[in-house]
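Asks: Sequence:
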Amino acid sequence: MRAHGGEPVEAPDGGDGRGSEPGRFAPRRSPAPPIATSHDFDDDRRHILLTLARMLIAIETRRIATRDQRATAERNDV
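So the number in this note's numbering is just where the residue sits in the sequence shown, counting from 1, plus 61.
The reader is advised that the hints may include incorrect statements.
[To be verified] Derived CB-CB ranges, DEER-like: (1) T133 to L110: 43 to 53 Å; (2) M116 to D138: 52 to 62 Å; (3) R124 to D101: 28 to 38 Å; (4) D105 to I125: 29 to 39 Å; (5) T133 to T98: 45 to 55 Å; (6) I118 to D138: 46 to 56 Å; (7) S91 to R128: 47 to 57 Å; (8) T98 to Q130: 45 to 55 Å; (9) A134 to F102: 44 to 54 Å; (10) A114 to R136: 24 to 34 Å.
Calculated from the structure, these hints are not laboratory results. Ideal placement from N, C-alpha and C gives every residue a C-beta, glycine not left out.
Modelling step: build the complete structure from the supplied sequences, incorporating the hints.
Replies: As structure tokens, this is what we get:
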């Protein structure tokens, strides 16, 4: 750390003013996360809608298969 005159000055923690321990640099701070854009929200909505559509298709497919199995069982019993 330097004073206004340019000469080195010891930091209050005994180091060079760049970290908490003498002779060590302060840890790097991670960059701020990017700000979400409307495009990101569109991607989230698309993902949610696709997931719901897949779930509905699976439910409907299972319902149709169950109906067909019951109809086949009834025909075989008669």
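Asks: Hint by hint, note whether the structure agrees.
Replies: Right, here's what the structure says about each hint:
| no. | hint | result |
| --- | --- | --- |
| 1 | T133 to L110: 43 to 53 Å | 34 Å, violated |
| 2 | M116 to D138: 52 to 62 Å | 33 Å, violated |
| 3 | R124 to D101: 28 to 38 Å | 35 Å, holds |
| 4 | D105 to I125: 29 to 39 Å | 31 Å, holds |
| 5 | T133 to T98: 45 to 55 Å | 52 Å, holds |
| 6 | I118 to D138: 46 to 56 Å | 31 Å, violated |
| 7 | S91 to R128: 47 to 57 Å | 55 Å, holds |
| 8 | T98 to Q130: 45 to 55 Å | 48 Å, holds |
| 9 | A134 to F102: 44 to 54 Å | 48 Å, holds |
| 10 | A114 to R136: 24 to 34 Å | 33 Å, holds |
Violation of the numbered hints given earlier is confined to hints 1, 2 and 6; the remaining hints are satisfied by the structure.
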